[in-house]
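Turn these sequences into a full structure, and let the hints guide you.
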Amino acid sequence: MSKIVVDEVDTIHKAIELFQKITVRIMDDELKIDFENTKNMRNHYLAIIGMGIEVIINRGVIVEILPPKNKTILNSMNRIGFLAKFMCQPESNKSYKSMINYTNIPLTNNDLAQQEFSVHFLERFSDKVVNLSPRLKKLILKKIFELFSNVFRHSESELGLFCAGQFYAQRKRFIFTIVDNGVTIKKNVNKFLTKESIKKRNTIEKIIGTKIAYLNSVEAIKWALEDKNSSTGAGGLGLSLLMDLFKLRGGNIEIISNDGYYSVKDGVEDSYLLPKMFEGTIINIELNTNTDVQYVLKEELDEKNQC
Amino acid sequence: MKKINVSEAIKKSLAVSTDDGKVLFKLIDEALQNKEKVELSFEGIDVLISHFLNESIGSLYNKYKNWDILDQAIVIIEMDPDDVILFNERVLPTAKIHFENSKERTYVLSEDLK
Chain E
1 MSKIVVDEVD
11 TIHKAIELFQ
21 KITVRIMDDE
31 LKIDFENTKN
41 MRNHYLAIIG
51 MGIEVIINRG
61 VIVEILPPKN
71 KTILNSMNRI
81 GFLAKFMCQP
91 ESNKSYKSMI
101 NYTNIPLTNN
111 DLAQQEFSVH
121 FLERFSDKVV
131 NLSPRLKKLI
141 LKKIFELFSN
151 VFRHSESELG
161 LFCAGQFYAQ
171 RKRFIFTIVD
181 NGVTIKKNVN
191 KFLTKESIKK
201 RNTIEKIIGT
211 KIAYLNSVEA
221 IKWALEDKNS
231 STGAGGLGLS
241 LLMDLFKLRG
251 GNIEIISNDG
261 YYSVKDGVED
271 SYLLPKMFEG
281 TIINIELNTN
291 TDVQYVLKEE
301 LDEKNQC
Chain S
1 MKKINVSEAI
11 KKSLAVSTDD
21 GKVLFKLIDE
31 ALQNKEKVEL
41 SFEGIDVLIS
51 HFLNESIGSL
61 YNKYKNWDIL
71 DQAIVIIEMD
81 PDDVILFNER
91 VLPTAKIHFE
101 NSKERTYVLS
111 EDLK
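Protein chains in written order, with the working numbering: chain E, 1 to 307; chain S, 1 to 114.
It is worth saying that the hints were derived from the structure and are not from the lab.
Quick caveat: nothing in here was measured; it's all calculated off a predicted structure.
Beta carbons are placed, not taken as given, at the ideal position from N, Cα and C, and that holds for glycine.
Check each hint, because a few of them may be wrong.
Quick list of in silico lysine-lysine cross-link-like pairs, BS3-like style, CA-CA up to 25 Å [as the list claims (entries may be wrong)]:
#	chain 1	residue 1	chain 2	residue 2
1	E	Lys199	S	Lys63
2	E	Lys142	S	Lys22
3	E	Lys3	E	Lys39
4	S	Lys2	E	Lys200
5	S	Lys2	E	Lys142
6	E	Lys143	E	Lys39
7	E	Lys172	E	Lys199
8	S	Lys96	E	Lys200
9	E	Lys199	S	Lys103
10	E	Lys200	S	Lys63
11	S	Lys114	E	Lys191
12	S	Lys65	E	Lys199
13	S	Lys114	E	Lys143
14	E	Lys138	S	Lys37
15	E	Lys276	E	Lys298
16	S	Lys2	S	Lys22
17	E	Lys14	E	Lys71
18	S	Lys63	E	Lys195
19	E	Lys195	S	Lys114
20	E	Lys71	E	Lys85
21	S	Lys3	E	Lys199
22	S	Lys26	E	Lys142
23	E	Lys14	E	Lys138
24	S	Lys65	S	Lys114
25	S	Lys96	E	Lys195
26	E	Lys265	E	Lys137
27	S	Lys11	S	Lys65
Derived coverage of chain S by chain E (criterion: at least 3 residues anywhere in the stretch with Cβ under 8 Å from a Cβ of chain E; other residues may be distant) [to be verified]:
#	stretch
28	26-40
29	43-51
Derived list of chain E stretches under chain S, where covered just means 3 residues or more per stretch with a C-beta under 8 Å from a C-beta of chain S [what the hints assert, rightly or not]:
#	stretch
30	118-132
31	289-296
The following block contains the structure:
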């Protein structure tokens, strides 16, 4: 039996590194994942780690989890439902309002699971994110639900959607991670653009052929972020409203798909190609819940000024 | 005219899944095939996303040829104003662009819808 010792997972890159260490297990029959001396665990990244574990369980690998000895980390990994999922413990009846439970919703036969998760997420979001005007809050919520829905529409991954999150009261942050290991944004966008290019070719181009420009992973993510773009005629990722909020320091976002990395942190945009590919898509959203600042739609402010 | 309350039809207050969109599509399409106009009420819906509207209403534009009749066949009431904008300015125009040359548009709606 081989073993992976988890030291700390406090960044998205460390979560991916652990995912890749887990999923590279092709020949192992059994694997121990040792959290006993874990120093730091950002619970929302458990969505990525949990997906890695499910990938190898599907291959027939037997996974044993060694729980944390640190009581704070143990309690929080229990409260988010991660340990109960992988350690054959009975699920707790208690509901922790600061946690978005570790959740996996498969691609098919998922109506009840989707409904339960949607209600659960709505309750947590409504309770903890209180610095947005009611109208802005509703619009942001719609965008988030569209992200969930995108996994079922585009990922083509049987394992479906993984999500986990936490409200950090002291830091005043509501953070959650959505991840799938399906078709990446780059593949979906380039497939769509290729189809569109072929449709628009004129007669001469049809005879002699045309060169179709492929977007790299970063370009594909940026293309998908524009509201006007879509790979199924329904609005792409449609995140311009969220992006506006992030650029006003209302939060942060990180997107990783294939070897593309894109983020807006503290109002500053960044993007680059990663040295290693992640076969899937991760969206990590961090909302600033500090009530010293209230966010409203520009048109609400305009309406108020006119009165 | 057939009156459908969306929340009752999908048995939920969150219209966030494409599968539920398909359920609503079937109900609307059944009414249209019975030569009935449809009044769709969104009372009781707390969250509505574009994917749901694409599947339930947008997809009708991939079935029927005569869009001028289809445009008049569905009346939407009790919808959040922001969702009305979403539907009229994004969902419907995008569906029309997407399905304009679709080979699946083979059905014709009766002009005598009541």
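Results for each hint:
About 21 Å separates the Cα atoms of E:Lys199 and S:Lys63, which keeps this hinted pair within 25 Å; it holds. For the hint pairing E:Lys142 with S:Lys22, the CA-to-CA distance comes to about 19 Å; that is within 25 Å, so the pair holds. Of the supplied pair hints, the one linking E:Lys3 and E:Lys39 holds, its CA atoms being roughly 17 Å apart against a limit of 25 Å. At roughly 41 Å between alpha-carbon atoms, S:Lys2 and E:Lys200 are farther apart than 25 Å, so this suggested pair is violated.
Between S:Lys2 and E:Lys142 the alpha-carbon distance is near 28 Å, which puts this suggested pair outside the 25 Å criterion. A threshold of 25 Å between alpha carbons decides the hint, and for E:Lys143 with E:Lys39 the separation of about 34 Å lies outside it, so the pair is violated. Between E:Lys172 and E:Lys199 the alpha-carbon distance is near 49 Å, which puts this suggested pair outside the 25 Å criterion. The straight-line distance between the Cα atoms of S:Lys96 and E:Lys200 is roughly 17 Å, inside the 25 Å bound, and the hint therefore holds.
Restraint check for E:Lys199 and S:Lys103: the C-alpha separation of about 14 Å stays at or below 25 Å, so the hint holds. The suggested pairing of E:Lys200 with S:Lys63 holds, with an alpha-carbon distance near 23 Å, which does not exceed 25 Å. For the hint pairing S:Lys114 with E:Lys191, the CA-to-CA distance comes to about 42 Å; that exceeds 25 Å, so the pair is violated. Simply put, S:Lys65 and E:Lys199 have alpha-carbon atoms about 21 Å apart, close enough for the 25 Å limit, and the pair holds.
Restraint check: the Cα-Cα separation between S:Lys114 and E:Lys143 comes to about 36 Å, which exceeds 25 Å; the hinted pair is violated. For the hint pairing E:Lys138 with S:Lys37, the CA-to-CA distance comes to about 30 Å; that exceeds 25 Å, so the pair is violated. Between the alpha carbons of E:Lys276 and E:Lys298 the distance comes to roughly 40 Å, so the proposed pair goes past 25 Å and is violated. This hinted pair checks out: S:Lys2 and S:Lys22 have alpha carbons roughly 18 Å apart, not beyond 25 Å.
Under the criterion of a C-alpha separation no larger than 25 Å, the hint pairing E:Lys14 with E:Lys71 is consistent with the structure, at around 22 Å. Simply put, S:Lys63 and E:Lys195 have alpha-carbon atoms about 21 Å apart, close enough for the 25 Å limit, and the pair holds. The hinted pair formed by E:Lys195 and S:Lys114 fails the criterion: a straight-line CA distance of about 40 Å is larger than 25 Å. For a cut-off of 25 Å, the pair hint linking E:Lys71 to E:Lys85 stands: about 19 Å separates their Cα positions.
A threshold of 25 Å between alpha carbons decides the hint, and for S:Lys3 with E:Lys199 the separation of about 40 Å lies outside it, so the pair is violated. With a C-alpha separation of about 24 Å, the suggested pairing of S:Lys26 with E:Lys142 holds against the 25 Å cut-off. For the given pair, E:Lys14 sits about 33 Å from E:Lys138 by alpha-carbon distance, which is inconsistent with the 25 Å threshold. For the proposed pair S:Lys65 and S:Lys114, the alpha carbon gap of about 19 Å is at most 25 Å, so the pair holds.
Restraint check: the Cα-Cα separation between S:Lys96 and E:Lys195 comes to about 18 Å, which is no more than 25 Å; the hinted pair holds. At most 25 Å may separate the alpha-carbon atoms for a hinted pair to count; E:Lys265 and E:Lys137 meet this at roughly 20 Å. A C-alpha spacing of about 31 Å is found between S:Lys11 and S:Lys65, which places the hinted pair above 25 Å, so the restraint is violated. For a cut-off of 8 Å, the count of residues in the stretch 26-40 of chain S with a CB near a CB of chain E stands at 0, and the three-residue condition is violated.
Counting residues of the stretch 43-51 of chain S whose beta-carbon sits less than 8 Å from any beta-carbon of chain E gives 6, enough to reach three: the coverage restraint holds. Remark: the stretch 118-132 of chain E is confirmed as covered by chain S, as 3 of its residues place a Cβ nearer than 8 Å to a Cβ of that chain, reaching the required three. A count of 0 residues in the stretch 289-296 of chain E with a Cβ less than 8 Å from any Cβ of chain S is obtained; the coverage claim is therefore unmet, three being the minimum.
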